[in-house]
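Given these sequences and hints, build the entire structure.
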Amino acid sequence: MSELSISLKLFGSFRKFGQVLNLRVPTGSTILTVKEKISKTIDGQESELVFDSVLADNDAILPDTHILNEDIKLSILPPVCGG
Amino acid sequence: MSELSISLKLFGSFRKFGQVLNLRVPTGSTILTVKEKISKTIDGQESELVFDSVLADNDAILPDTHILNEDIKLSILPPVCGG
Amino acid sequence: MNNLILTEVLDTALDIQKAYDFVANSANGAVNSFVGIVRNNHEGKSVTGLTYDLHTTLAKKAFDDICQKALELWPETKYYVAHYHGELSVGGISIIIAVSSPHRAESFEACRYIIEEIKTKAPVWKQEHYIDRKSEWLPGHSLNG
Amino acid sequence: MNNLILTEVLDTALDIQKAYDFVANSANGAVNSFVGIVRNNHEGKSVTGLTYDLHTTLAKKAFDDICQKALELWPETKYYVAHYHGELSVGGISIIIAVSSPHRAESFEACRYIIEEIKTKAPVWKQEHYIDRKSEWLPGHSLNG
Numbered sequence: 419m420s421e422l423s424i425s426l427k428l429f430g431s432f433r434k435f436g437q438v439l440n441l442r443v444p445t446g447s448t449i450l451t452v453k454e455k456i457s458k459t460i461d462g463q464e465s466e467l468v469f470d471s472v473l474a475d476n477d478a479i480l481p482d483t484h485i486l487n488e489d490i491k492l493s494i495l496p497p498v499c500g501g
Numbered sequence: 419m420s421e422l423s424i425s426l427k428l429f430g431s432f433r434k435f436g437q438v439l440n441l442r443v444p445t446g447s448t449i450l451t452v453k454e455k456i457s458k459t460i461d462g463q464e465s466e467l468v469f470d471s472v473l474a475d476n477d478a479i480l481p482d483t484h485i486l487n488e489d490i491k492l493s494i495l496p497p498v499c500g501g
Numbered sequence: 164m165n166n167l168i169l170t171e172v173l174d175t176a177l178d179i180q181k182a183y184d185f186v187a188n189s190a191n192g193a194v195n196s197f198v199g200i201v202r203n204n205h206e207g208k209s210v211t212g213l214t215y216d217l218h219t220t221l222a223k224k225a226f227d228d229i230c231q232k233a234l235e236l237w238p239e240t241k242y243y244v245a246h247y248h249g250e251l252s253v254g255g256i257s258i259i260i261a262v263s264s265p266h267r268a269e270s271f272e273a274c275r276y277i278i279e280e281i282k283t284k285a286p287v288w289k290q291e292h293y294i295d296r297k298s299e300w301l302p303g304h305s306l307n308g
Numbered sequence: 164m165n166n167l168i169l170t171e172v173l174d175t176a177l178d179i180q181k182a183y184d185f186v187a188n189s190a191n192g193a194v195n196s197f198v199g200i201v202r203n204n205h206e207g208k209s210v211t212g213l214t215y216d217l218h219t220t221l222a223k224k225a226f227d228d229i230c231q232k233a234l235e236l237w238p239e240t241k242y243y244v245a246h247y248h249g250e251l252s253v254g255g256i257s258i259i260i261a262v263s264s265p266h267r268a269e270s271f272e273a274c275r276y277i278i279e280e281i282k283t284k285a286p287v288w289k290q291e292h293y294i295d296r297k298s299e300w301l302p303g304h305s306l307n308g
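Protein chains in written order, with our numbering: chain E, 419 to 501; chain D, 419 to 501; chain G, 164 to 308; chain Y, 164 to 308.
Treat each hint with caution, since some may be false.
Claimed, not checked - The calculated lysine to any residue pairs, modelled on SDA-like cross-linking and capped at a C-alpha distance of 20 Å, are:
1. D:K434 - D:T445
2. G:K282 - D:C499
3. D:K434 - G:A233
4. Y:K224 - E:N440
5. G:K282 - Y:K224
6. D:K458 - D:L441
7. Y:K284 - E:S431
As the list claims (entries may be wrong) - Taking beta-carbon pairs under 10 Å as the criterion, some of the chain Y residues facing chain G (in silico):
8. R202
9. K297
10. S298
Keep in mind the hints are simulated off the structure, nothing from the lab. Since the structure is predicted, the reported quantities are computational estimates derived from the model, not experimental observations. The C-beta atom is built at its ideal place from N, Cα and C for all residues, glycine as well.
As structure tokens, this is what we get:
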């Protein structure tokens, strides 16, 4: 099964895990699958927060059903509190 | 019948009649009487505006029923539109 | 009147930074401010400027009283009000109101309250000057009762 | 994005006069502005400062989109939004929003709309620093759906 690489930029309370998380998931994975992978990668810490967060590329938020077919740079955006 | 002097400072659209109007009214006149006197003094021009206005000393607006017993400096305050 | 309220009637240019600096306060996370500007048109007429006439003493007293009332309605707020006295061209600032409060909702509410109260209760009058060199005192709200 | 909207993410001090100068316009008689300030306390804890984390690209895009939507809701308005990125001490300015409009009601409404939208839709996070040297990322609104 082929895999793709994700470079995941971390924001807000995910920063305690570093600036970037490098992940590999099967080609054709959905964003939801990526979230499950993130949750495992950080040992189930902040698991609820991962699923309350959204993943985005540099243009827009990607829905949980979005399918990934190639290497990509993503950001994980936890719940926001600007202003 | 004794009289008292009123020095009436003019504001807003009353400024076309000058800075100050000097009036004499019977001692014991009410503010309403003063308004009637003002209206006569400016020949009935702006008569409606006189009765839509209030008279004030330097501390507060005086009600129409307020009685004057001595010489006084007043201001006539037409309807306001600040800001 | 106290260190929570500063009101001024000025014949020099009004200063937004001054308004902010007075109300800013480390316990208050929000500042809302309102600035009134002389517009280039009014009811279809081209306006070149405005003359602001005030009863200086009673206007300042009205501003103080309005802020004091707001302070009772929205505790822990702080107020700055400055109103221009004299002639202004288009673009000139006629009024600055700034309100600080612990949270944002009160800052918006109290600032709106102040401008609405000033419009109907403070002895201030406006004379509009038009492009054809005519002028007109604007109608307003009677202070009667 | 156009001459009616200017949004910025800055790591230098935000400037109230700049906000005013951008939105001021001779056809618009009203400017409402909102300034967010780092408070010295939050939910009973003594705060020494805040770190503002932003996804710079998406935050600026969110500010632009929010202003564009407001412009459709309140025509003839003009917008400035600046958000600070980095660390601020108590009293520091985290956000400035300024809106000009022909009449005052829209300036208040649109400015309030912008801050509420930013609070729930822009990718911005706050880490509070307390007097005991501990820190905490604040909870927020999920961008999910």
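To see whether the hints hold, each was checked on the structure:
1. For a cut-off of 20 Å, the pair hint linking D:K434 to D:T445 is broken: about 28 Å separates their Cα positions.
2. The suggested pairing of G:K282 with D:C499 holds, with an alpha-carbon distance near 5 Å, which does not exceed 20 Å.
3. A distance of roughly 36 Å separates the Cα atoms of D:K434 and G:A233; the hinted pair therefore is violated under the 20 Å criterion.
4. Among the hinted pairs, Y:K224 with E:N440 is inconsistent with the structure: their alpha-carbon atoms are about 26 Å apart, more than 20 Å.
5. With a CA separation close to 38 Å, the supplied pair G:K282 and Y:K224 exceeds the 20 Å bound.
6. At roughly 11 Å between alpha-carbon atoms, D:K458 and D:L441 fall within 20 Å of each other, so this suggested pair holds.
7. At roughly 17 Å between alpha-carbon atoms, Y:K284 and E:S431 fall within 20 Å of each other, so this suggested pair holds.
8. Because the closest C-beta pair between Y:R202 and chain G is about 4 Å apart, less than 10 Å, the hint holds.
9. Against a cut-off of 10 Å between C-beta atoms, the interface hint on Y:K297 is violated, since the closest Cβ of chain G lies about 20 Å away.
10. Hint status for Y:S298: violated, given a least beta-carbon distance of 18 Å to chain G, over 10 Å.
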